[in-house]
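**Student:** Sequence:
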Amino acid sequence: MIILLNHVTWKPLLQLYLDPVIKENYLHKVYKESSKNKSKNESPRISSKLKVELQTLRISEESERQLYDTLKHIYGSSFKLSDASEFEIKKSNLEKQYWVERGNLVIKGIVDYSSKDTTPKTQEQITRQFATNKLESYGFHQSHCIEALIHSKDDMGKALEVLFYKYYGIENIVRSKVSNDTDTTDMLERRQDEKEALESIYGDMFTEKIKNQIWTVQVELDYLVRNVEIEQEISRIKQQQEKIKEKEVCRLFILKKCRFGNKCRFLHQQPQVLKMPEREDPNFTLEIRFPEGCKYPYEPPYFYFYKNDGTFSSINCLRIGRRLYNEALSLAEDGTPSIFSIISLLENEFEIRRYLEENKESFLDQNDLLFPKLSKTEDEGDLATHHELGSINRRNRDNITWEEILKTDDLIHKNFKEKQDSPKYKRMKEVRRKLPAWSKIGNILETVYENQVTIISGETGCGKSTQVPQFLLDDWILNRSESKEHVNIICTQPRRISAVGVAERVAAERDERIGDTIGYQIRLESKMSNKTRLTFCTTGILLQRLSMNPDLTDATHIIVDEVHERSAESDFLLMLLKELLTKRSNLKVILMSATLKAEAFSSYFREAPILCIPGKTFPVEQIFLEDVFEWTNYVLEENSKYTRKIKGDWEQLQIDLETAEVEGASAAAVKESIQDENLTLTQIVNRYRCYSRQAHKNLYVMDYEKINFELIEEIVEWICFGLHDYPKTGSILVFLPGFAEIITLKNQLNDNKNLSPKTGKFIIVPLHSSLSNEEQNLVFKKTGDVRKIVLSTNLAETSITIDDCVFVIDSGKMKETRFNSNQNMESLETCWVSQANALQRKGRAGRVMPGVCIHLYTSYKFKYHFSTQPVPEILRIPLEPLLLRIQLLHKGRKIDSYQILGKMLEPPTAENIRTAIKRLQDVGAFNSECTLTPLGHHLAALPVDVRIGKLILFGAIFCCLDSALTIAACLSHKSPFTIPFEKRHEIDAKKEFYTANSDHLTVLKAYKKWLETCARSNYAGQVFANENYLSIRTLYTLADIKYQFLELLVSIGFVPVNLPKRQSNVDKVLEITGVELNINNDNYKLLQGLLCAALYPNVVKVLTPEKSFQIQSAGAIPVQPRPEELRFQTKCDGFVSVHPSSVNFHVGYFPSPYLVFQEKIKTSKIFIKEVTMVPILLLILFSGYELNIELHNGLSIVSLEDGWILFSVESHRVGQLLQRIRKELVKLLEEKMKDPLLNLLNHQNGRKIIQTIVNVVTKD
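Those letters in the sequence shown? Residues 1 to 1260, per UniProt numbering, in order.
Some clues are possibly wrong.
Said to hold, decoys possible - Pairwise CB distance ranges (calculated):
id : residue 1 : residue 2 : range
1  : Asp204    : Arg354    : 27 to 33 Å
2  : Glu88     : Thr311    : 18 to 24 Å
3  : Gln835    : Cys690    : 34 to 40 Å
4  : Ser200    : Glu88     : 43 to 49 Å
As the list claims (entries may be wrong) - No farther apart than 20 Å at their CA atoms in a straight line, the calculated lysine to aspartate or glutamate pairs in the DMTMM-like style are these:
id : residue 1 : residue 2
5  : Lys815    : Glu829
6  : Lys728    : Glu713
7  : Lys1009   : Asp1082
8  : Lys429    : Glu504
9  : Lys1227   : Glu485
10 : Lys153    : Asp181
11 : Lys360    : Glu1190
12 : Lys894    : Glu929
13 : Lys1259   : Glu1190
14 : Lys753    : Glu710
15 : Lys753    : Asp785
16 : Lys417    : Glu525
17 : Lys275    : Glu292
18 : Lys531    : Glu579
19 : Lys1248   : Glu1230
20 : Lys484    : Glu607
21 : Lys861    : Glu509
22 : Lys974    : Glu630
23 : Lys434    : Glu485
24 : Lys697    : Glu710
25 : Lys1009   : Glu992
26 : Lys983    : Asp1040
27 : Lys918    : Asp1202
28 : Lys641    : Asp475
29 : Lys1068   : Asp1040
30 : Lys647    : Glu637
31 : Lys1259   : Asp69
32 : Lys758    : Glu829
33 : Lys426    : Asp475
34 : Lys211    : Glu189
35 : Lys863    : Glu1230
36 : Lys1101   : Glu1027
37 : Lys728    : Asp804
38 : Lys903    : Glu607
39 : Lys788    : Glu816
40 : Lys295    : Glu194
Hints were generated in silico from the structure; no laboratory data involved. Backbone N, C-alpha and C fix where the C-beta goes; we use that ideal spot for every residue, glycine too.
Construct the complete structure from the given sequences, taking the supplied hints into account.
**Tutor:** Below, the structure is given as structure tokens:
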């Protein structure tokens, strides 16, 4: 069996075997000594020369034919592809950016000679092969030559006439009729006279091959083959030769016998042999054929023009033939013999060159038939062009009549009166009376009644969240008999857990079930009824209601709780409410805030009144860094990693410290604006006068930017074993910035002989958002006599309350998400907390008993250098979701986004708005006028990131709905993989499901395997999840999110199904949506393409080092690079790194050098997360990059994004076909976005386009 290889790609490999010197040198540059390769401790081989692999796109002949047929179906007979000569030839040094011809083995085909057909070819077959080759030399496609021979029954002359007739469309040319009375003898005599004249003019250059049928003329046409570069080189060499002639070379010097040296009058140099470049052969043949029955000179003959060595462009030969035929056609009208004129025209450089430049005629494509078969057209008359809108199984509360509402109100009033005698209700009411908010009930109701906006500022534990909404509800119920007014109170909470928790607490206080008069609505969950008059919901839910009902006509009171947190959604909601108040004078808005900065909200709402409620917490003592040093006797050593660089040595420091103690006592007070780290020793002593010398020394030498884990360890030991009067029980909560710091401290405490869990006296519990719900719930677990040490991020500031917490250690640092609009990148930056954060952390220790908060920063830093509040979220996040919401609220009308966002409490910068608009235009959500495109309308309606929304829509269109919904659910929520904290560096849970270099497809595969197991039994699903480190709770949540996304798709018309009632924790999306919408569900190549479409322009290039080979007994074996040798580059932001959580983190070889990613985030360096490799064919078809076809040094190149990405293609045809089909796909998608109910499977072109693309990406 013999394998046929691409001659370009095997050449470098072949040389390694044929030329020992080449082989030795080539391998020597990577492996100088084979023994070094065997060393396990070999240092990483990082190449300074990194480039992208220039890949060649290859598709099968079948795929190429299908693409052509589809485009021909769309465009009709006018569809033509350009010839290679139409493209500008660029001279570029591809080797600078790309690895070209790296010895990759490409199998072109296989010939099995063991089963070779030994039957000899017949004479007919041999003749046909010869005739085909001869016809091809005239510039016709091989397929057409064979077809013409078959049609003419192997008569090569007739076949040639057929080809001319079909290529030039002779049947479509209008010409004057020649009379049947024309004398044939006279025509032949005139033809004979012309032949003799031509023989006398051209001599041997003219030949009559067949009498009165075929003439040929040999012509020299230098202008058609003239090469400017060759002419310049010839001219340069001639000038050089003239210079050499001026001074002869010394013959004695050549023999090394000249004794004159520099004084010799001849040249002392070796004679130069200047090789003159050869000009291309200018000889062409013009063949004139007089077909049978041709009435020349009243009819033109057929002209065939070709170059004798076959090196001239076939398309230009055909075009010249067209020009000659047209000229002969015009002369034939007068019956003028035209051959001499035709030859003269051919020799007219100006005319022929001008014609070739202006005329770009295309002829029959190689996939067209000379004699097309009549195709049977499908009867589409009875097929439905549109789907019917599906239905969502939801109760419609909007259809309740006013009479029914009043009747329900009466029932609520009656039940409330009866409840007053309930013992349980009375007990709960007594509990409520003890809350500080109860004493302000009169003031609150009076202020709300008299003002449209009321601000309630209440400290932690005052009861504002649970009591204020009840005060309003109770007041309405009690006074309803007089007014008969209706009430609907909506109270927003910043988090889902808060909305549910507060709603359940309020319902319990009122002695009723949740979902009765008290309800809640969060994502994926709702507990409401027709009786609900007080609804707790997340801010996002209320914003969604505003998009559907901008005037909130069904609401009477809006309460925005925890408004001081300044989330982007709450700030946006405040802006909308401020505008709404001018339209709805009867709407009441209550803002509830922590004590700090309530005045800013009052000012925003035109000096709205502020009511203050004192808190109900136990006293918490604050201990700052200077006191910590004093009480723990902690010593910062000279060589500690937590000290900063100081001038001089430590002995000099001790002397300076003694001097400072004398001078500092009498020195003037230090300015409060100077930070501790910038103070001199004397100033340190002056500022902290009452502290010991060791404390002064520590404050001077410590590095304030580092977290001192030794100090935290010392503090924990002091809390547990030190001599102090504070409690010896209760949990210890340590606030740290991030996951890495939690791991470091946890390991350090584990190694401490006194604090280690091995002692049985302590348990160390990490708390971070990336941990599973099960791991997070450990913080609430009662541990008896075992003392709990919780290591947490700022997650524990507000979201979680640890009841038994007595001690808080505040590192003073947190990680905050910042968005750089110029780089389109989020960064997780470690920064100092604000005063508000610090007080929240302090409050964690005084929830159930008196506590202690130890701050690892000085009291001066807290008072004078911390900001009062954290930076509002609106100033540090991407603005795309807000811009989409604004457009949705304004029904897609043209608006000034800058002006609208400028009305916010703290407006984002104009630059941030501009770059957000640009990103929305990149994904196709905004048009050039900054209004919603059809795609944008749908993306705005989906409560997810625009890229995730795009994936969902494309999944529905390409019939892989269930898989697209699963990936989207994971991206919008979180990955189901959860590895125990202790085993994070030991276990690779994703390895079992690794698929196609893709994080997205790996998670999809794991989810599908879990679903398959669940089909057997729920217990089997639970066991599978546990064995494969999948969080069962997360998997259930993903199932619910998928159903919610499906509801949205049904509501906007993209999925034509009627949904049954949702079943929690059950995934029946595949069953509900059916086979037709999921026919490509397991087509991972197509899913890679859809991910590319959704995540564009988040594309990175993979740069690799130079290819190296290792000598083995079998020969030279290519060595794949190691992961650390690769580099990843984006277009705008330079180099990035794959995040360690990605399945691609440990990959050293990617079949395609292009990846797409979901997000880019900066921590220790710039990471890309949720990464999928994209084959080059999919990048061409599905990315939003502009596509151009170019010729570089003879290579056909597909260029994306102005040359940022380049591919080689086997032929320019493939590039053009992909370019055209992509344009049609874009048009089809735009049509679908405008008309979601459009049935693409019955669409005139839709089915063909989608089926073709699916087939091509699947097979190639």
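**Student:** Could you run down the list of hints and mark each one as holding or not?
**Tutor:** Right, here's what the structure says about each hint:
Our hint of 27 to 33 Å for Asp204 and Arg354 holds, since their Cβ atoms are close to 31 Å apart. Checked against the given bound of 18 to 24 Å, the beta carbons of Glu88 and Thr311, roughly 20 Å apart, stay inside it. As the Cβ distance of Gln835 to Cys690 is approximately 24 Å, the hint placing it in 34 to 40 Å is violated. For the hinted restraint 43 to 49 Å between Ser200 and Glu88, the CB-CB distance of approximately 45 Å keeps it satisfied.
As the CA atoms of Lys815 and Glu829 are separated by approximately 5 Å, the hinted pair is consistent with the 20 Å bound. Annotation: proposed proximity of Lys728 to Glu713 holds, straight-line Cα distance about 16 Å (limit 20 Å). With a C-alpha separation of about 13 Å, the suggested pairing of Lys1009 with Asp1082 holds against the 20 Å cut-off. Between Lys429 and Glu504 the CA atoms are separated by roughly 16 Å; this keeps the pair inside 20 Å, and the hint holds.
This hinted pair does not check out: Lys1227 and Glu485 have alpha carbons roughly 54 Å apart, beyond 20 Å. Under the criterion of a C-alpha separation no larger than 20 Å, the hint pairing Lys153 with Asp181 is inconsistent with the structure, at around 32 Å. Proximity of Lys360 to Glu1190 is assessed by CA-CA distance (about 17 Å); at most 20 Å being required, the pair is judged to hold. With a C-alpha separation of about 7 Å, the suggested pair Lys894 and Glu929 falls inside the 20 Å cut-off, and the hint holds.
Between Lys1259 and Glu1190 the alpha-carbon distance is near 26 Å, which puts this suggested pair outside the 20 Å criterion. For the given pair, Lys753 sits about 14 Å from Glu710 by alpha-carbon distance, which is consistent with the 20 Å threshold. Straight-line distance between C-alpha atoms of Lys753 and Asp785 comes to about 18 Å, which keeps the hinted pair within the 20 Å bound. For a cut-off of 20 Å, the pair hint linking Lys417 to Glu525 is broken: about 31 Å separates their Cα positions.
The hinted pair formed by Lys275 and Glu292 fails the criterion: a straight-line CA distance of about 51 Å is larger than 20 Å. Distance hint between Lys531 and Glu579 is unfulfilled; the C-alpha atoms sit about 29 Å from each other, more than 20 Å. At roughly 16 Å between alpha-carbon atoms, Lys1248 and Glu1230 fall within 20 Å of each other, so this suggested pair holds. Under the criterion of a C-alpha separation no larger than 20 Å, the hint pairing Lys484 with Glu607 is inconsistent with the structure, at around 32 Å.
With a C-alpha separation of about 43 Å, the suggested pairing of Lys861 with Glu509 is violated against the 20 Å cut-off. About 45 Å separates the Cα atoms of Lys974 and Glu630, which puts this hinted pair outside 20 Å; it is violated. Note on Lys434 and Glu485: the hinted pairing is violated, with a Cα-Cα distance of about 31 Å set against a maximum of 20 Å. Only pairs whose Cα atoms come within 20 Å are accepted, and Lys697 paired with Glu710 is accepted, the gap being roughly 17 Å.
Taking the CA atoms of Lys1009 and Glu992, the gap is near 11 Å; set against the 20 Å cutoff, the hint holds. Proposed proximity of Lys983 and Asp1040 is contradicted: the alpha carbons are some 29 Å apart, above 20 Å. For the hint linking Lys918 to Asp1202, the alpha-carbon distance of about 18 Å falls within 20 Å, and the restraint holds. With a C-alpha separation of about 62 Å, the suggested pairing of Lys641 with Asp475 is violated against the 20 Å cut-off.
The hinted pair formed by Lys1068 and Asp1040 meets the criterion: a straight-line CA distance of about 10 Å does not exceed 20 Å. Restraint check for Lys647 and Glu637: satisfied, since their Cα atoms lie roughly 16 Å apart, inside the 20 Å limit. As the CA atoms of Lys1259 and Asp69 are separated by approximately 17 Å, the hinted pair is consistent with the 20 Å bound. The suggested pairing of Lys758 with Glu829 is violated, with an alpha-carbon distance near 35 Å, which exceeds 20 Å.
Pair hint Lys426 plus Asp475 holds up; C-alpha atoms about 17 Å apart against a cutoff of 20 Å. This hinted pair checks out: Lys211 and Glu189 have alpha carbons roughly 12 Å apart, not beyond 20 Å. A threshold of 20 Å between alpha carbons decides the hint, and for Lys863 with Glu1230 the separation of about 57 Å lies outside it, so the pair is violated. Between the alpha carbons of Lys1101 and Glu1027 the distance comes to roughly 36 Å, so the proposed pair goes past 20 Å and is violated.
As the CA atoms of Lys728 and Asp804 are separated by approximately 12 Å, the hinted pair is consistent with the 20 Å bound. Of the pairs offered as hints, the one joining Lys903 and Glu607 holds, with about 16 Å between alpha carbons and a cut-off of 20 Å not exceeded. Taken as a hint, the Lys788 and Glu816 pair is broken in the structure, with Cα atoms around 27 Å apart against an allowance of 20 Å. Between Lys295 and Glu194 the CA atoms are separated by roughly 14 Å; this keeps the pair inside 20 Å, and the hint holds.
Checked against the numbered hints given earlier, this structure breaks hints 3, 9, 10, 13, 16, 17, 18, 20, 21, 22, 23, 26, 28, 32, 35, 36 and 39; the rest are met.
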